[in-house]
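Got chain A sorted already, so can you dock chain B onto it with the hints?
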Amino acid sequence: MHQKVIIVGGGNAALSGAIECEERGDDVTLFETSTAALRGGNSKYTRDIRYAHEEDEFTAGGYTKDELRKDLLGVSGGFDNPEVAELVIDRSQEMAEWMRKHNITFKKEIRGTLSLSRTNAFFMGGGRVLVDTYYKLIKRLHVKIFYEAPIVSISIANGVVNGITAMIDNREKQFTADRYIFASGGYEANKQWLSKFWGESVKNIKIRGSRYNTGIPLRSLIENGALMCGSEKAGHMVAVDTRSPEFDAGIVSRIDAIPWGIVINKNVERFYDEGEDIWPKRYAIWGRLVAEQDSQLAYAIIDNKSIGKFMPTAYPSIDAYSIDELADNIGLKAQDLSHLISDFNGGIVKKDDDVFNWSNHKLAIPKSHWAVPINTPPYHAYPLSPGLTFTYQGIRINRTGRVVLKDGELENGFAAGEIASGNVLRSGYLAGFGLTIGTTLGRLAGGWEND
Amino acid sequence: MIEGNNSTPEAIRQMSICNACRYCEGYCAVWDAIEFKPVLNKGYISHLANLCHDCRDCFYACPYNDPDHEFKLNIPRVLGQVQVETYYANIRPKSMKFALERPILFTSLSAFIAVILVMVYSSLLFGLNKISTLPMTTIIPVSLFKPATIAIYLYTLVIWSWEALSYWSEINEGKRFTASGVMRGVYDAFFYRNFLGGGTGCKVPGENNKYFRLTAHSLVFFGFIVALISISFYPNIFGYVGITYFLGSLAISIGTVALIYIHITEDRGSRSQKQSSLDYAFTVLLFFAGITGLLIPISTGTNWFNWNFLIHDALIAVVFLIAPFSKFIHPVFRLISLIKYRSDSYRL
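If you read the protein sequences in the order shown, they are chains A and B.
Position one of the first sequence corresponds to residue 1 (this note's numbering), numbered consecutively onward.
Position one of the second sequence corresponds to residue 452 (this note's numbering), numbered consecutively onward.
One should not assume that every hint holds.
[What the hints assert, rightly or not] Below, computed lysine to any residue pairings styled on SDA-like, alpha-carbon distance capped at 20 Å:
1. Lys136(A) <-> Asp517(B)
2. Lys136(A) <-> Asp27(A)
3. Lys333(A) <-> Asn375(A)
4. Lys488(B) <-> Ser306(A)
5. Lys203(A) <-> Trp193(A)
6. Lys139(A) <-> His102(A)
7. Lys661(B) <-> Ile104(A)
8. Lys309(A) <-> Asp795(B)
9. Lys493(B) <-> Asp319(A)
10. Lys305(A) <-> Ala364(A)
11. Lys305(A) <-> Leu289(A)
12. Lys136(A) <-> Ala37(A)
13. Lys488(B) <-> Pro378(A)
14. Lys139(A) <-> Arg644(B)
15. Lys108(A) <-> Arg644(B)
16. Lys196(A) <-> Arg282(A)
17. Lys661(B) <-> Arg140(A)
18. Lys309(A) <-> Pro489(B)
19. Lys139(A) <-> Asn659(B)
Hints were generated in silico from the structure; no laboratory data involved.
Just chain A, same shape as in the assembly:
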């Protein structure tokens, strides 16, 4: 039976759902908040998928479901919704082939991100190409697409969605369908909502993803009794360059220099061990750490030896040939910085030739690895701000993809993508798994399982 389907959202999950519906012959209408040029939500900023697989041509080896499950539990500490998590893990196996069938070209070889070469497959061009490819496909399949069409409200009664109200050409308009798929992302670009947790400091937080992820449909579903899922206040936050735009800097604003130097706040104080040894953790805690400082501002300082040891930065470093000059250039007290750096350099213990084992435990806050002396000019500083990647809070779904309410479930309402990712990852981050959750749950919401 052909259904009328409404899809709210325009990223990977929404598009995967649209493709699934159209291929069964449904009549699909898709509502994207952004302009056509900026479509695709946070999916624009992706570039790879993590999926369980045997040896294949896209990766450097096999990756079992057990390994994937272990990695997921390792970063999140446990599943909020084991049933859905298992489903995503299981169905991830079909994903690469499905994407290829839908015109995505995977890379044969990868460079630079070797730590992921076995677990993740990278596609040509990254997320913008992914979403553009899918948009072209669904246009050919005659999906009706509204751009600049934010959802204002969702009408729900007795466990049934009765319709949505969208802004079309600045006028509210009602739409109804047989099936509704909510794939509209989190609320990371909604600074008013974020201020509930961050207060005033929210103005200094950079939003790495789409400016259109304001979470209006998410809030509407919660107000209509949807059960929540995923950590409520937390988000994935990394250290980014202070000079980056407030929204939509994607991957390029992040600063990877931290373990190679020291990080100080405005008062020229270090506040955390820059040399903690586990890479993903180290990367992902720095956003919150910087957010806790005065003005949500910090500086990473390295010397010239370390250039080339970390990913290049989008903005040039602030440079100087002496520590005093560097302090002047970034507006800090020169004397304090000189003291700090000479204390730091003075107490370094080099256990062997491997800089990983160089440390300084004499400081109040030790640096436990990569304690490379800062003594080779020119010196470089990067100003750091907290950069929010995404929020974890979403809504609970069941194994058919339907939204779970406090009393029962939505008969014809489904959720997919970031809005439902809390079912699988309540916190933490696993590279490439956001797209896996989005694609799998999007297809599920689109009726992949005949229910």
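Positioned in the frame of chain A, the structure of chain B alone reads:
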């Protein structure tokens, strides 16, 4: 969009953002080469600019190119600008820079003057009415043709080398070519490795014609080589040689028409206008050279054979005479950059 004369700082700004992103890795050599340099400088940007073959794949993959986005990236355009500026900087003799600044005027004027000169000169020599009836070898004797072509080839090679040395000193970073770098670089050029776009082809002229540009360019390139070899058999340009010359000219004609089609239909927003007019001027010149080449066997036996042959020779002479001051610099600079890229990759 007004294009200034020093695009390097803007290219460094844009490409530094790319180097922090690297999502375009796999499209072409630019995205491999950028990974060798954590901090970009002028010489390296010039090198990257000549590795760019303007396929636009990176432009259509870029999440940062919307006019509303603060980054405002437009890599094909800014690299195109820098590429033309490397021609400006390394053209020899330096006084010929004006030819690059006004390519359409310079090219059409050169072609016009050459054609008129040849026609007037031969008319004065043989009489206007006689030209159609005299044997070809009387009007252009082998004793003139051979030394003249060799002189023109040598002239082109000498100036190309002069320019190549200048470009090489701009980008070499004190490093040398390696033997395997030379082999692989030449291989990449001849087999169009970078036009494959990592399996996705070129985004111009359109999604469904991903190897259109590769086909068009290789028709011109290989057609040109076939024709060049064939004409060296002059005056024996009939029979088998006539067939190869015809096929070479046909390939040039079809290829240039295809390139002109791309030029007319493409999205100008992602192109350097300076580069675009350089390309256009030279492509149109090659088109006329190709068409007049095609007409040689077709016109055999007719009384306009000699006229066509004279015009054709004049146009071919112009192609070589202005080669060092036109788009025809690009094979030299591009080959040097491809070899540098390959030499650098295998040094790592």
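Okay, the hints, checked on the actual structure:
The straight-line distance between the Cα atoms of lysine 136(A) and aspartate 517(B) is roughly 18 Å, inside the 20 Å bound, and the hint therefore holds. A distance of roughly 17 Å separates the Cα atoms of lysine 136(A) and aspartate 27(A); the hinted pair therefore holds under the 20 Å criterion. Between lysine 333(A) and asparagine 375(A) the alpha-carbon distance is near 18 Å, which keeps this suggested pair within the 20 Å criterion. For the hint linking lysine 488(B) to serine 306(A), the alpha-carbon distance of about 14 Å falls within 20 Å, and the restraint holds.
Taken as a hint, the lysine 203(A) and tryptophan 193(A) pair is honoured in the structure, with Cα atoms around 12 Å apart against an allowance of 20 Å. Pair hint lysine 139(A) plus histidine 102(A) holds up; C-alpha atoms about 13 Å apart against a cutoff of 20 Å. Among the hinted pairs, lysine 661(B) with isoleucine 104(A) is consistent with the structure: their alpha-carbon atoms are about 14 Å apart, no more than 20 Å. Among the hinted pairs, lysine 309(A) with aspartate 795(B) is consistent with the structure: their alpha-carbon atoms are about 18 Å apart, no more than 20 Å.
Under the criterion of a C-alpha separation no larger than 20 Å, the hint pairing lysine 493(B) with aspartate 319(A) is consistent with the structure, at around 18 Å. Distance restraint check for lysine 305(A) and alanine 364(A): the Cα-Cα separation of roughly 25 Å exceeds the 20 Å cut-off, and the hinted pair is therefore not satisfied. A threshold of 20 Å between alpha carbons decides the hint, and for lysine 305(A) with leucine 289(A) the separation of about 26 Å lies outside it, so the pair is violated. Under the criterion of a C-alpha separation no larger than 20 Å, the hint pairing lysine 136(A) with alanine 37(A) is consistent with the structure, at around 13 Å.
Between lysine 488(B) and proline 378(A) the CA atoms are separated by roughly 18 Å; this keeps the pair inside 20 Å, and the hint holds. A distance of roughly 32 Å separates the Cα atoms of lysine 139(A) and arginine 644(B); the hinted pair therefore is violated under the 20 Å criterion. With a CA separation close to 15 Å, the supplied pair lysine 108(A) and arginine 644(B) stays within the 20 Å bound. Restraint check for lysine 196(A) and arginine 282(A): not satisfied, since their Cα atoms lie roughly 26 Å apart, outside the 20 Å limit.
Taken as a hint, the lysine 661(B) and arginine 140(A) pair is honoured in the structure, with Cα atoms around 18 Å apart against an allowance of 20 Å. Only pairs whose Cα atoms come within 20 Å are accepted, and lysine 309(A) paired with proline 489(B) is accepted, the gap being roughly 9 Å. For a cut-off of 20 Å, the pair hint linking lysine 139(A) to asparagine 659(B) stands: about 15 Å separates their Cα positions.
When each numbered hint is compared with the structure, violations occur for hints 10, 11, 14 and 16.
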